Amino acid sequence: MMLKTILFLMTMGNINIKKSLWVTARALRTKESIDELVEFSQKYKFDELFVQVVVGGYAYYQSDILPRTEYMSEDFDPLGYLVKKIEGSDIKVHAWINTCLYWSIKDKPKDSAHVLYQHPEWFLHDKEGRSMAEYEYEDIINYGVDGLFLDPSREEVREFIADYATEIITRYNVAGIHLDFIRYPGGYWDFSEKNIEDFNVRFHIDPRLISDAVDYRAPHWNTVMTREPHIRYYHWLRMYWNRKRKDAVKGLVKTLKERLQPKELTAAVFANPASSSYNLGQDWREWVNENIIDRLCIMAYTPDKKSYKNFLEYASIYPKDRIVMGVGVYYQDAEKYAPQEISYAIESGYKNIIIFDYFSLKNNKRLLNWMEKRL
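In terms of the UniProt record's numbering, the sequence shown is residues 1 to 375.
Keep in mind that the hints were calculated from the coordinates and are not lab data.
Predicted model, so just to flag it, every value in this text is computed and none were measured.
There's no promise every hint is true.
[Claimed, not checked] Below, computed lysine to aspartate or glutamate pairings styled on EDC-like, alpha-carbon distance capped at 20 Å:
id : residue 1 : residue 2
1  : K362      : E335
2  : K305      : D247
3  : K257      : E156
4  : K351      : E372
[Claimed, not checked] Just the calculated beta-carbon pair ranges, DEER-fashion:
id : residue 1 : residue 2 : range
5  : K336      : Y44       : 32 to 40 Å
6  : Q62       : W370      : 37 to 45 Å
7  : G349      : T30       : 35 to 43 Å
We put the CB at the ideal spot given by N, CA and C, even for glycine.
Can you build the whole structure from these sequences, using the hints too?
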């Protein structure tokens, strides 16, 4: 198999695949940085740019709903400038939003209009009953989470996100909206008083006790069946509890799909559907099966080629035109593993590759040289 792949890499020439690129918000801070991005994208023939325009609860566009990012001057509209800059080219821009994640750095937001101050009741609660809105930066570090998350089960949260997503597609000529952090931060969160009470009424047990009895990893059915009956029952309760979480995330995706049509709705998702579903409520298999998402961008980030093959296999049962295979090039020596991972994806029939991320790729001249010759 290794020889086959090496021969494939040597002979594949310029393969006709769609190339996409994740671009974080810091590339949008000045006109000069956007000019560089467009020049780079044209030189290396990227077809799509997934550009981060909502991060940390701040907007990198002209918004009447979200506060403006403090990293830019008042008179500069980065998304507007980018869209105008690519007019007449074949490059498509997707507006990337951090869907449920709204703060993650040490200093609190400066703008009083930030959702953290306007609606602290919208944030998730942990097993101890604390709202994430009350977390300090040390809590984020100690829990090992990305930051403070809104509760996707709340209708007002869904409408808030759908409102500013609609604002984007109404004001800018973008191909669609791209969802990131469309999930829970982990199994330790979603313990609001209402959720606890509802579960207690139905099953006469506090759901926080379930989390102490079983872990948050997706259980293998054979392992569960060999456990004591009460532990098996706890696993069943945990799966029911998680069903509500999966439905909440799916409900948010569905709301966005309905509001944003006919624009394309895409999402960045973890590569292992079992663990992301059980631990994070991100059951992207259901989104595809129920046609509430147009394409999934698989975050198959690993320098290990064997793991990458596993990621390809996880998505293999779904239509290839609905899946965009991601390659993370931010690890050391990406020029050594990324070409082979890209070739694995192409061999497996995927016609769309997305790279994370722009700055990592831009700084890797060897990988760029390979891509320029081969893709």
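Here's how the hints hold up against the structure:
1. K362 x E335: With a Cα-Cα distance of about 12 Å, the restraint between K362 and E335 holds, given a limit of 20 Å.
2. K305 x D247: Roughly 33 Å between the alpha carbons, so the hint for K305 and D247 is violated.
3. K257 x E156: 16 Å, holds
4. K351 x E372: Holds - the C-alpha atoms of E372 and K351 are around 17 Å apart, at most 20 Å.
5. K336 x Y44: 32 to 40 Å: 19 Å, violated
6. Q62 x W370: 37 to 45 Å: Holds - the Cβ-Cβ distance for Q62 and W370, about 39 Å, lies within 37 to 45 Å.
7. G349 x T30: 35 to 43 Å: 40 Å, holds
In terms of the numbered hints stated before, the structure departs from hints 2, 5, listed from lowest to highest.
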